[in-house]
Structures are given as C-alpha cells and as structure tokens.
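A.B. asks: Kindly generate the complete structure, drawing on both the sequences and the hints.
Taking this note's numbering, I'd label the letters of the sequence shown as residues 1 to 172.
Rather than coming from a laboratory, the hints here were simulated on the basis of the structure.
Just so you know, even glycine gets a beta-carbon here, dropped at the ideal spot from N, CA and C.
The reader is advised that the hints may include incorrect statements.
As the list claims (entries may be wrong) - Simulated crosslink set (SDA-like; lysine to any residue; CA at most 20 angstroms straight-line): (1) K90 <-> P38; (2) K12 <-> K142; (3) K142 <-> S153; (4) K128 <-> R167; (5) K90 <-> H78.
Stated by the list, open to error - Have a look at the derived ranges for each label pair, beta carbon to beta carbon: (6) L137 <-> K4: 25 to 33 angstroms; (7) S58 <-> F138: 30 to 38 angstroms; (8) H78 <-> K6: 34 to 42 angstroms.
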Amino acid sequence: MLAKVKVPPEFKRDPFFFAQDVISFQPPLLRHKTHHQPIFIYDIVAKEEGLLEAPWNSLEDCIPSLFIEWKTQEKILHEQFSLRKVTNAKEIVTEWSGRFLSALFWINGGPLQGLTALEANIQKLTYKPVNTSERVLFLLKKPGMYHSFVQLSELYTELQKQYAIKRIRLKK
1 MLAKVKVPPE
11 FKRDPFFFAQ
21 DVISFQPPLL
31 RHKTHHQPIF
41 IYDIVAKEEG
51 LLEAPWNSLE
61 DCIPSLFIEW
71 KTQEKILHEQ
81 FSLRKVTNAK
91 EIVTEWSGRF
101 LSALFWINGG
111 PLQGLTALEA
121 NIQKLTYKPV
131 NTSERVLFLL
141 KKPGMYHSFV
151 QLSELYTELQ
161 KQYAIKRIRL
171 KK
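C.D. replies: Laid out in structure tokens, this is it:
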C-alpha cells in the first residue's frame with residue numbers, strides 16, 4: 001500500500017515538484033533502498049514525521065549502492081543523448097540531480113532541509129565537490145542539455161571522492 005506525504009513549500013523548486021503537492025511512496029523507508037523511492041522522500045519525511053532508518057546515520061548502507069545505480073543511469077543517459085532523446089534524458093538528469101543533492105547532504109551528516117535556500121546551505125557543507133553551488137544551479141536551470149549530463153557525471157565522481165575522504169577521516 002502506498003503512503004502519501006505533502007511536499008513542503010521549501011522543496012518546491014523548478015524542476016522538482018513544480019505542480020505536485022503530494023508524493024506517493026512505498027513504506028517502509030529502508031536506508032539500503034534509497035534509489036528505489038521518490039527523490040527527496042527521506043529528507044521530507046524526516047522533516048515532517050521523523051525516520052526510523054535515516055540514511056545519513058548509516059551511510060555505508062545507502063551511499064555505495066546509490067553510486068552503483070548512478071553508473072547504470074549514466075550509461076542510459078549517454079545512450080539517450082546519443083539518440084537525441086532529450087526529453088527522456090531531461091527526466092533522468094532531473095531525478096539524479098535530486099538524488100545527488102540528497103546524497104551530498106547525507107554525506108555531510110543530515111537531511112537536505114529544502115531547495116529554496118539551497119545555495120547558502122551548500123556553502124556550509126564540509127564534504128562537497130568544487131564549485132558545487134554554481135554547477136548545481138546550472139543543472140537545475142538546464143537539465144535537458146548534454147553539458148548538464150556531463151556536469152552531473154563529474155559531480156557524482158567528485159562526490160564519491162569526498163565520501164571516501166570522509167570515511168578515511170572517520171577511521172583515524
């Protein structure tokens with residue numbers, strides 16, 4: 001049975017949830033299945049209701065599988081752009097931009113608080129790719145462009161490195 005949650009105003013930002021007021025999802029929200037749920041659902045539910053299994057509290061259960069799934073989506077995106085299927089590619093870039101944003105905040109120890117003050121919140125993060133704010137803004141403005149796909153690929157590669165750095169620092 002699907003559960004529903006209202007999208008808070010701070011998560012309504014183009015290209016995400018522009019017309020939607022409610023997100024349907026399949027409970028329970030398990031941290032090792034994050035890429036099987038709608039984007040931002042963990043962040044929204046944590047803000048509104050609290051989570052039993054918050055992904056940011058156990059990164060090793062969700063982040064590696066997210067990076068693996070991204071590699072699959074990256075191949076699909078490359079094919080979509082090669083075939084000039086920009087509409088399909090735009091949807092995938094938008095979804096995986098959202099997943100990138102969630103992962104970025106999770107790696108830094110908490111949920112994404114919203115999209116309205118995104119640039120300021122990104123600046124406060126410790127573990128992030130270089131020029132993340134500017135690059136994410138470009139992605140959000142033009143998700144259907146090939147260059148956005150290239151930026152997203154680079155952001156994922158750099159985020160994977162930042163995640164590795166965090167893990168090394170935590171072991172010391």
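A.B. asks: The structure should be examined with respect to each hint, and the outcome stated for every one.
C.D. replies: The hints, checked one at a time:
1. K90 <-> P38: This hinted pair holds, its Cα atoms lying about 16 angstroms apart.
2. K12 <-> K142: holds (17 angstroms)
3. K142 <-> S153: holds (15 angstroms)
4. K128 <-> R167: holds (14 angstroms)
5. K90 <-> H78: holds (12 angstroms)
6. L137 <-> K4: 25 to 33 angstroms: holds (30 angstroms)
7. S58 <-> F138: 30 to 38 angstroms: For S58 and F138 the Cβ distance comes to about 32 angstroms; the hint holds.
8. H78 <-> K6: 34 to 42 angstroms: Once the Cβ atoms are compared, 36 angstroms apart, the range 34 to 42 angstroms for K6 and H78 holds.
Checked against the numbered hints listed earlier, the structure breaks none of them; every hint is satisfied.
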